[in-house]
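Visitor: Given next are the chains, with one letter for each unit.
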Amino acid sequence: MNDPLLRIEDLRVWFGTRTNDVRAVNGVDLDIHPGEVVGLVGESGSGKSVTARAIMRLVPMPPGRLVSGRILFDGIDLTALPEGEMEGLRGGRIAMIFQDPMTFLNPLITAGDQVAEAIRRHQGLDRRAARAEVINLFRKVGIPSPELRYRAYPHQLSGGLRQRVMIAMALSSRPELLIADEPTTALDVTIQAQILTLLRELQQESGMSILLITHDLGVVAEMCDRVAVMYAGRIVEQAPIDELFDRPEHPYTIGLMNAIPRPDLPGKAPQPIEGAPPDMAHPPTGCPFHPRCMFREAICVTDDPSMIGVGADHQSACHFAGTDRIRVGAPELIGSAQR
Amino acid sequence: MARLIVTRLLTLIPLMFVITSIVFFMVRFVPGDPARIMVGGQRISEQNLANIRKAYRLDQPLVTQYRLWLGDILSGNLGRSYRQRTEVSTLILERLPLTAKLAGFSFLLSLLIAVPLGIVAAVHRNTWVDVAATMFAVLVASSPVFFTGILLLLLFSFRLGWLPALGAGEGGWDQVRHLLLPSLTLGLSLAAITTRITRSSMVEALTQDYIETARAKGLPTRTVIMKHAFRNALVPIITVSGLLFGFLIVGTVLVEQTFGLGGLGSLLIDAVQMRDYPVVQGATVFIAGIFILINLVVDILYGIIDPRVRYGGQG
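If you read the protein sequences in the order shown, they are chains W and F.
At position 268 of the first sequence the residue is numbered 268 (the numbering used here), and the sequence of numbers has no breaks.
At position 86 of the second sequence the residue is numbered 86 (the numbering used here), and the sequence of numbers has no breaks.
Hints may contain errors.
To give a feel for the contact side, a few chain W residues facing chain F, derived at Cβ under 10 angstroms [stated by the list, open to error]:
1. Gly75
2. Thr79
3. Leu81
4. Glu83
5. Gly84
6. Met96
7. Leu108
8. Gln114
9. Ala118
10. Leu125
11. Tyr150
12. Tyr153
13. Pro154
14. Ile179
Since the hints were derived computationally from the structure, they do not count as laboratory data.
For glycine and all other residues, C-beta sits at the position ideal for the given N, C-alpha and C.
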């Protein structure tokens, strides 16, 4: 395969507290290729959002701290880039959309002006040209009566429209990489589907790469080419989408799949993963998932598993990945967890 | 928006009525006979005292006095000073320009000091810059105006000899020089509070989600702070500034005394000491009216800054 557009190597971002460092991101490796849609999945607090913000260099430092790692975007190490150049990339070649389009839009500035601001920043257009471009973009992302919406303030728009405004803002300078941090979480289910469809259409049209952060495997199944499952600040499994759903090789992935309600299988109630994600100020010994793992053995408590290849472009960080233990241990689970 | 202004103007009427009534009765419950103070302790016959009281309606029952006075101010007549035999409105208008300049100057200086300081403290929160700004604010806020005033006087007038100590000066530039120290005194004590408010509302604004969006757009830090955070932080700053205007009036009274300025403040103080009821009433009503108008302006500014107020929208 050709060179990745984004390559994250051994990224560690810790947050200093009075007593201990919270290891929010603790050794993430991830590649995103041009035109690829990669899902980053995990529970709240698994480090997904911090990873995304680290790419954009939006993690406040302090309290955050880059402990190790490089983030190569098209060969440029973002962690070493001067702030001025980083500003040029942000909202330019790399753009981001956020979870809650209400709180992420400035309440005092009209929707149109907020998008125009991005356009003027990166394309140096004058006020009038930027305005025309905004109205074009609004039309493209499916905002009805764009001229009218240009002058609307965020509180006058519905959640779906606000997210379309955010998308228009992010796409205004035709980014090569779009980071979408839970873009549909705050929206109604029907609107979620519309926004996902829109994102997929826009991706296919422009060929940009997307890093889609979500805790919803359904969204992943609909959107992504490849999935990375994150737990306790690192990626524990990654695989092409079909491979992951057909043959999950990490107990946490299996747990996530079992937690999805399955209306098509009435006999099968969703099973939550017992316990809670670890406190990353005091991570457990060995495999960080072992306290919640149904396949736990003595080795899991003492040894931290590293990523091992279990198939074409499929890796899992489990001592038993690729063995029968996982596949036999949960045959019914895996079989029914297919999409 | 227009409705807001009209409603506020209408509520002004009962408010002013209540204020004037309180002032009217309050001055009269202060011990001391205006007629006796008027003659300045000279020996005078009871007959003459009675004549003076009669001339100024002081012999009438309180309720009658009140009714007559209400009638007067409704027709725009604030009455005559007992002492100076001049219209109260003339006295106020004579003194007003100086106090207005002092107040305006002080307010301007306070904003010039407080807003940048508050913003810098918020941007560099929990660093030594923030600590220094806090220390400045606490120190100045806890010093009485006359104390700060005397310190500044000692430093700039007596030690350095840069600025005049007393009086209001003549003409443009001279007056600016004369008003600089009084305004700085008052401005500093206002700035203490405004700095704290600016800091806290900027800290709040800077942690909002839309700041992240603005940064994600690639906007330079300066634009993020001034355009996205500061505008959102303005509402509390303006609210407090409006309320501080009351503080400013009290301040002008003290500062005028400290720096020997004959403004509205000293007019009021003298009038209270001389039990010059019409002047006390007139000046207080006048100041209260301005205070209310300023707060109306504040409400209008909310609407200009925040579209959610302007359109009465939800969220």
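Visitor: Against each hint, give a clear statement of whether it holds in the structure.
Guide: These are the hints, each one checked on the structure:
1. Gly75: Violated, because the Cβ-Cβ distance from Gly75(W) to chain F comes to roughly 20 angstroms (cut-off 10 angstroms).
2. Thr79: Cβ of Thr79(W) sits 17 angstroms from chain F, so the hint is violated.
3. Leu81: 13 angstroms, violated
4. Glu83: 8 angstroms, holds
5. Gly84: This hint holds: Gly84(W) lies near chain F, its Cβ roughly 8 angstroms from the closest one there, short of 10 angstroms.
6. Met96: 4 angstroms, holds
7. Leu108: Constraint on Leu108(W) satisfied, holds at 5 angstroms.
8. Gln114: This interface hint holds because 8 angstroms falls under the 10 angstroms limit.
9. Ala118: Holds, because the Cβ-Cβ distance from Ala118(W) to chain F comes to roughly 4 angstroms (cut-off 10 angstroms).
10. Leu125: 14 angstroms, violated
11. Tyr150: 14 angstroms, violated
12. Tyr153: At 4 angstroms from the nearest chain F Cβ, Tyr153(W) passes the 10 angstroms test, so the hint holds.
13. Pro154: 8 angstroms, holds
14. Ile179: Since the shortest Cβ distance to chain F is 9 angstroms, the answer is holds.
In summary, the numbered hints that this structure violates are 1, 2, 3, 10 and 11.
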